[in-house]
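Trainee: This note's numbering puts the first residue of the sequence shown at 1, with every later residue one more than the last.
Honestly, the hints are just simulated from the structure, not real lab data. Treat the hints with care, since some could be wrong.
In silico EDC-like cross-links for lysine to aspartate or glutamate, where the CA-CA straight-line distance does not exceed 16 Å [claimed, not checked]:
no., residue 1, residue 2
1, Lys153, Glu49
2, Lys97, Glu204
3, Lys168, Asp126
The following label-pair restraints were derived from C-beta to C-beta distances [unchecked claim]:
no., residue 1, residue 2, range
4, Pro98, Asp38, 21 to 27 Å
5, Val71, Ala103, 18 to 24 Å
6, Gly114, Thr39, 34 to 40 Å
7, Pro98, Thr169, 19 to 25 Å
8, Lys168, Lys100, 22 to 28 Å
9, Asp81, Thr158, 24 to 30 Å
10, Gln40, Pro105, 28 to 34 Å
The C-beta atom is built at its ideal place from N, Cα and C for all residues, glycine as well.
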Amino acid sequence: MRNAMKYKWILLMTLTCTGPLLAHPHSFIDIQTHAVGDTQLSSLQMRWEMDEVTSADLLYDAGEAPEGDAVWQKLAQEVMDTIRQQHYFTTLWYDQKPVKLQAGPDSGKLYKTGHKAVLSFTLVPDTPLALAGHTFRLQTYDPTYYVDMSWVKDSDVTWPGECKVAVKTPKPDADMRAWALSLDNQSVPDEDLALGEHFAQKVEVTCP
């Protein structure tokens, strides 16, 4: 069993609120992904917008520091260090084969928009990936489903050229939904159980 401090800078839940937080997920992140390239995929530009509750601790720590200040840079580095340990919660397949991704140089910027914290960063494959005649599949999710990470609309994912993008949202069965709803904020299932995978979207890309 683990608590929200396992992912201190990405979950950022206010565990001091009165009463238990019931049901998974407890935190929500809206994702945007922009694939960069011409005839080859060279990188994925990621934008994660955290909900107001999740953002609260980060915004408190940043105080009145302006965007780009050393305070924001330090917080961004801490977040990046944490999500790196989880492979950025992201998996990319190329023609059904997994692709190793790493953060691009100087990747990781944290800032606020309204009452929400936003993390932007770049993921880079070991080698550029040819587009024409190939398929891609992309997933970003928390295996424990403590955090719901979603592309809200299809246009939140873009791919170069004539590639066709489809965002597939799963429909877990009633038993799976009931199990997730039964978990409180201290009942984070082991990653090996892959609760989050049952709720995770899949981005499927076909390039003619």
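Trainee: Checked against the structure, which of the hints given earlier come out wrong?
Mentor: The structure conflicts with hints 3, 10, although it agrees with all the remaining ones.
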